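**Q** Listed below, chain by chain, are the residues.
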Amino acid sequence: MNFRIPILKLRDTLIVSIQWELDDQTALQFQEDLLTKLHETSARGVVIDLTSIDFIDSFIAKVLGDVISMSSLMGARVVITGIQPAVAITLIELGIRLEDVMTALDLENGLDKLQLELEA
Amino acid sequence: MSDQSSVEILTEWDIVAARQLGRNVAKELGFGTVDQARITTAISELARNIYLYAGKGRIEIQQLTENGMKGILIIAADSGPGIPDIRKVMEDGFTTSGGLGAGLPGVKRLMDDFKIETILGEGTDIRATKWLR
Ligand SMILES: Nc1ncnc2c1ncn2[C@@H]1O[C@H](COP(=O)(O)OP(=O)(O)OP(=O)(O)O)[C@@H](O)[C@H]1O
Ligand SMILES: [Mg+2]
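Protein chains in written order, with UniProt numbering: chain A, 1 to 120; chain B, 1 to 133.
This is chain A alone, in the form it adopts within the complex (with noise of 0.2 Å):
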């Protein structure tokens, strides 16, 4: 039943598509394999799109809240893009603030945003 996230990887840009609803053991393989593959890369920036993604508890945005530090302890900034709107509303209800996050409303305009970020 267990099975690994895709990351692609585009210049030095890692690209992450949540498509599934998140298993535990799947959200923390992929913590993982991203913290891996960046090591691996030397990739400068993550897109994790969650555009799929139709609610977030509070084990699945810890495990997203600790990737985005230690992504920044590699030295590599994480937007998240495509959040929908019942998962925001949720995400606030549930007294969860991801206020140092980047953000961006899909994957094309998170891409720009991290290009922005970096040549800055």
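In short, the hints are calculated from the structure, not lab data. Note that this is a predicted model, so its numbers are computed, not measured. Treat the hints with care, as some may be off.
When the alpha-carbon atoms are kept at most 30 Å apart in a straight line, the in silico DSS-like pairs for lysine-lysine are as follows [unchecked claim]: (1) B:K88 with B:K56; (2) B:K108 with A:K62; (3) B:K27 with A:K62; (4) B:K56 with B:K115; (5) B:K88 with B:K27; (6) A:K62 with B:K115; (7) B:K70 with A:K62; (8) A:K37 with A:K9; (9) A:K37 with A:K62; (10) B:K88 with A:K62.
Cβ-Cβ distance ranges computed for the label pairs, FRET-style [what the hints assert, rightly or not]: (11) A:A88 with B:M90: 20 to 26 Å; (12) A:M74 with B:K88: 32 to 38 Å; (13) B:W131 with A:S52: 26 to 32 Å.
Virtual Cβ for every residue (Gly too), placed ideally from N, Cα, C.
Knowing the structure of chain A, use the given hints to seat chain B with the ligands on it.
**A** Below, chain B with the ligands alone, put in the same frame as chain A:
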């Protein structure tokens, strides 16, 4: 009147099964996407708490019809250690497991009605309701 179904929580996969059951029932009852996300998230929090702190337990989903109103009731029941200080666990950020401590206070905000009954050494019973508007 109520109509019920349930999932035994023993492994992490049962957390996934419980929230899928809840989402299906919520959809069937006519809840919109935001309420579906609230209900799914609440079930996920309660099921994970059972898995983490009690080891095993049960999530029960009931469809409610009361005075012409329709709703969904989530019952999370376990025979685990119980909760020593309910007021503390309802504070944002309180955790004994290195989590965010967002689960229980979050579920209370996501749902319309929220009740905890817990006895140390005997277990915990949490009931959360969402009404269809
Ligand atoms: N069913 C339960 N039985 C015993 N103790 C529980 C139970 N549910 C919650 N607790 C206790 O209440 C605390 C707060 O729970 P809550 O879900 O709010 O946060 P958390 O699980 O620690 O972190 P998060 O849910 O944000 O990942 C837990 O750390 C745990 O000590
Ligand atoms: Mg919890």
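**Q** List in ascending order the numbers of the hints, as given earlier, that are violated by the structure.
**A** 5 and 7
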